[in-house]
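Novice: Chains as they are written, first to last, in the working numbering: chain G, 1 to 113; chain A, 1 to 113.
Everything labelled a hint here was simulated from the structure, so no lab data went into it. Positions of the beta carbon are idealized from the N, C-alpha and C atoms, including for glycine. Everything hinted at is true.
Footprint (simulated), chain A over chain G, 3 or more residues, beta carbon under 8 Å:
| # | segment |
| --- | --- |
| 1 | 36-48 |
| 2 | 100-111 |
Each pair of labels, with its calculated beta carbon distance range:
| # | chain 1 | residue 1 | chain 2 | residue 2 | range |
| --- | --- | --- | --- | --- | --- |
| 3 | A | D38 | G | Q45 | 11 to 21 Å |
| 4 | A | T5 | G | W83 | 28 to 38 Å |
| 5 | G | S26 | A | S82 | 23 to 33 Å |
| 6 | G | S14 | A | Y50 | 41 to 51 Å |
| 7 | A | T101 | G | G29 | 15 to 25 Å |
| 8 | A | H41 | G | W83 | 22 to 32 Å |
Spelled out, the chains give:
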Amino acid sequence: AQSVTQPDARVTVSEGASLQLRCKYSYFGTPYLFWYVQYPRQGLQLLLKYYPGDPVVQGVNGFEAEFSKSNSSFHLRKASVHWSDWAVYFCAVKGNMGYKLTFGTGTSLLVDP
Amino acid sequence: EAAVTQSPRSKVAVTGGKVTLSCHQTNNHDYMYWYRQDTGHGLRLIHYSYVADSTEKGDIPDGYKASRPSQENFSLILELASLSQTAVYFCASIDRESAETLYFGSGTRLTVL
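Bound conformation, chain G alone (with noise of 0.2 Å):
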């Protein structure tokens, strides 16, 4: 069964500091991996997407994020983050066959002024 872990509950960083989001996956096969960000009261948005290929894979507003196979990791980096990046950032995970995405739980991340 697929599987996604986000150990990170809550992070909190200072406006123009940088920015990584902790994510392991967990599936028998070729990973498609997502991050998608929720802000308040709302539903859902795409950040960016892995498919197999170059490891480092751009998003919107300045994320990026690496896939490593050796370590089941899909970390999302930003260099500086602005207050508007205040929000919930999910990971995902679903097969290359499938359409079954796996949410992780979800980190919150709080932005210092």
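Once you have looked at the hints, place chain A on chain G.
Specialist: Leaving out everything else, chain A in the frame of chain G:
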């Protein structure tokens, strides 16, 4: 732009009552999903559907039914609402050919008293 609309935005129900949550998509997508969101659990899949008039059980189907009367509409039904079903419910759709991005509605906040 892809659009998924949920109704109602919020609802208060009594224990033992029947609740129907509705979802309408204009994406012409084949696949539709119902997730529930709880603090500490992230998003968990309740039911999904690949085609009209057919539904499949997700990871936590107990206490829920689903109905897909047309490609555009997908309902979640709580025949006997319980306190434990208080949560935020999200509908989503995905294109069969690309099987890439899940498009989410804005959610329905359900409170069972």
